[in-house]
Amino acid sequence: MIRSHILVCGGTGCTSSGSQKVIDALNSELAENNLQDEVKVVMTGCFGLCALGPIMIVYPEGAFYSRVEPSMIPEIVSEHIIKGRVVKKYLYTESTDENGVEHDSLNDTAFYKKQKRVALRNCGVINPENIDEYIAYDGYEALGKVLTTMTPAEVIQCIKDSGLRGRGGAGFPTGLKWDFASRNKSKIKYVCCNADEGDPGAFMDRSVLEGDPHAIIEAMSIAAYAVGACRGFVYIRAEYPIAVHRLQIAINQAKEYGLLGDNIFGTDFCFDIEIRLGAGAFVCGEETALMTSIEGNRGEPRPRPPFPSDKGIFSIPTMNNNVETYANIPQIILKGADWFAGMGTENSKGTKVFALGGKIVNTGLVEIPMGTTLREIIEDIGGGIPNGKKFKAAQTGGPSGGCIPASLIDTHIDYDSLAAIGSMMGSGGLIVMDEDNCMVDIAKFFLEFTVDESCGKCTPCRVGTKRLLEYLDKITSGKATMQDLDDLEELCYYIKDNALCGLGQTAPNPILSTLKYFRDEYVAHIVDKKCPAGVCKSLLQYKITDACKGCTLCARKCPVNAISGAVKEKHVIDPAKCIKCGVCMSNCKFNAIIKE
Amino acid sequence: MKSLEELRAIKAKMQNNVQLRGVDDADSVVRVVVGMATCGIAAGARPVLNKFIEEVQNRGLKNVLVTQTGCIGVCRLEPIVEIITPTGEKTTYVKMDADKVSKIVHEHLVNNRVVEEYTIANADK
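Heads up: the sequence lines are chains F and A, in that order. Counting from 1, one number per residue, gives the positions in the first sequence under my numbering. Counting from 597, one number per residue, gives the positions in the second sequence under my numbering.
Source of the hints: derived by calculation from the structure; they are not laboratory data. Treat the hints with care, as some may be off.
What the hints assert, rightly or not - Cut-off 20 Å, straight-line C-alpha distance, at most; resulting in silico cross-link-like pairs (EDC-like, lysine to aspartate or glutamate):
| id | chain 1 | residue 1 | chain 2 | residue 2 |
| --- | --- | --- | --- | --- |
| 1 | A | K607 | F | D138 |
| 2 | A | K607 | F | E141 |
| 3 | A | K609 | F | E256 |
| 4 | A | K598 | F | E61 |
| 5 | F | K83 | A | E601 |
| 6 | A | K598 | F | D262 |
| 7 | A | K658 | F | E61 |
| 8 | F | K255 | A | E601 |
| 9 | A | K598 | F | D132 |
| 10 | A | K686 | F | E61 |
| 11 | A | K609 | F | D132 |
| 12 | A | K607 | F | D132 |
| 13 | A | K598 | F | D272 |
| 14 | F | K145 | A | E602 |
| 15 | A | K609 | F | D138 |
| 16 | A | K598 | F | E141 |
| 17 | A | K609 | F | E141 |
| 18 | F | K255 | A | E602 |
| 19 | F | K40 | A | D693 |
| 20 | A | K607 | F | E129 |
| 21 | A | K658 | F | E256 |
| 22 | A | K598 | F | D268 |
| 23 | A | K609 | F | E129 |
| 24 | F | K83 | A | E678 |
| 25 | A | K609 | F | E38 |
| 26 | F | K145 | A | E601 |
| 27 | A | K609 | F | D37 |
Since this is a predicted model, take the numbers as computed values, not measurements.
Let the hints inform the model, and build the full structure from the sequences given.
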């Protein structure tokens, strides 16, 4: 009889911090103590707290161990598993309060308390490679309900009523999209799942596919029934090997159970899914480019109209949704449109998953009801900024999005309020920046990305983004004039208006939003030839102050011999030789070296 | 998969297996705590614990959490099992064995009747 379950995260984050080794150590330690029949080790999807991985939870106590290493396993097994004494020193520190009292449940900790897990509900709970566990948590019940008791029109109405909007970023109402697709009279139609998650810093689609792949299969089947499709494609990038592997296992299991294939649940409904791998081009997240890529052609967008709902993959009408959008569908069917519409704000219903990254304590994956403020996400759930630094801005929407400055930290996060302040929901990457980040440098980073990823089909994007980057280069190296700044802004609007697809149309956003809120930083670079945050190397100078004791350490460490001076006398940096690597500053024991 | 019934049969079978991972309503949980320190284990706590889990799963009791703890203190009366209701009332059973478990599950956990003869109050009678 199994008396205890040990759940170990097998998401990409924890896998790279060594969770497989933890699982191996657990299994051998349990076998050594002859406990393999009493204790079950389960590999799950992402718990969300990636910064503290590998994560391990021991049930029935619900003890939450973080940063688990194989060397801790013998102690955890002998103390906790055999004697029932939770090894407190290895627990996630937040799971006990300041008096050392344990919270009854993980849900009471600051990281989880304000979260509402809908799309992520099974991540970190079930074994994603076991269809039975998914079924135990109401899996495929929604598909059964839809096929046996609802008409396609009723399904579409339910999704419409729920107010669900596309989670890929643009926020198009999902029910409406399904409605358009169902109106097409074509005999053959396809549904497609966009799992080409390309924003730097975003990883929620990967986590859903790794932690709950059956939810996507179930949701695609429901969508196919609603719009009258017979075949589904999941377009996923090959850089997500764990997600691809688990999704393939899930598809195989669903076929074995007859949940994919012919006459599902004894009805006339037949549906099958196949995986198409992408080579990791950012533009292939754009739906027309994605479909071109599935067809085997070079991933380039095509003009719309015709829209994919008329001419999609292989010119067959195709309905395409994002992974996270799909992940909400089975829950909406089971719990009702009203339940879903009860969460969130007036025009943005439900929850949204964000991948927290950058200068934040709890790097990881969080799911919050729409309308939660940025402050709650950063300060409460995210645990604030490390090293006591000040919050400067948050970047949402990746290379297509914009910045939210510290002054707008109380903005409620939903589609419309983010758009109103010049940012966007995007797919859900949320990068936090502190006072050490230079906003011009951030804009440059994203432009470097779009220049790399521009497919080259249309001129505004191919040439325009390159020109934008050149302007930014000029600014950060102190060679720009105020005229350049005006030209830069004008070119931004030109590209926005003229690019063929979303990639180009949104590429100037990082510049426009940083210009809007941090124009003074641009001006400081251009007029004062200074980088206020101390990031842009060309505008920096390292100097030795009078605090120097003449210990010669910096002179010995300098890789280009730019520092001279006699023992016990103040040293001097030769700016002509200095490459601004910062080695002297980090080695100085007297804090005598400053950069300005 | 030919019918919803087929799906629900799998679900019912599997639910026992995943029940350990958290109970829906934490406030209504009856906790069964088995003393599993060296003294308890030496006195035979492990078969007692396993028997509890087996019985609870077989009967599909939803709001019972079987867990373990360290030394309860009265080592001479081990194996010791404490049953704690959601309101905090505690019953301590002593000198447990697998046979006693079945009766306690049936009487105490299902019918909410304390099995007086196995409690610590009657231990030395």
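Going down the list of hints, with the structure as the test:
| no. | hint | verdict |
| --- | --- | --- |
| 1 | A/K607 with F/D138 | holds, 7 Å |
| 2 | A/K607 with F/E141 | holds, 9 Å |
| 3 | A/K609 with F/E256 | holds, 18 Å |
| 4 | A/K598 with F/E61 | violated, 38 Å |
| 5 | F/K83 with A/E601 | violated, 41 Å |
| 6 | A/K598 with F/D262 | holds, 10 Å |
| 7 | A/K658 with F/E61 | holds, 16 Å |
| 8 | F/K255 with A/E601 | holds, 18 Å |
| 9 | A/K598 with F/D132 | holds, 16 Å |
| 10 | A/K686 with F/E61 | holds, 18 Å |
| 11 | A/K609 with F/D132 | holds, 9 Å |
| 12 | A/K607 with F/D132 | holds, 7 Å |
| 13 | A/K598 with F/D272 | holds, 16 Å |
| 14 | F/K145 with A/E602 | holds, 13 Å |
| 15 | A/K609 with F/D138 | holds, 12 Å |
| 16 | A/K598 with F/E141 | holds, 13 Å |
| 17 | A/K609 with F/E141 | holds, 15 Å |
| 18 | F/K255 with A/E602 | holds, 15 Å |
| 19 | F/K40 with A/D693 | violated, 24 Å |
| 20 | A/K607 with F/E129 | holds, 16 Å |
| 21 | A/K658 with F/E256 | violated, 30 Å |
| 22 | A/K598 with F/D268 | holds, 11 Å |
| 23 | A/K609 with F/E129 | holds, 18 Å |
| 24 | F/K83 with A/E678 | holds, 15 Å |
| 25 | A/K609 with F/E38 | holds, 18 Å |
| 26 | F/K145 with A/E601 | holds, 11 Å |
| 27 | A/K609 with F/D37 | holds, 18 Å |
Of the hints listed earlier, those the structure fails to meet are numbers 4, 5, 19 and 21, in rising order.
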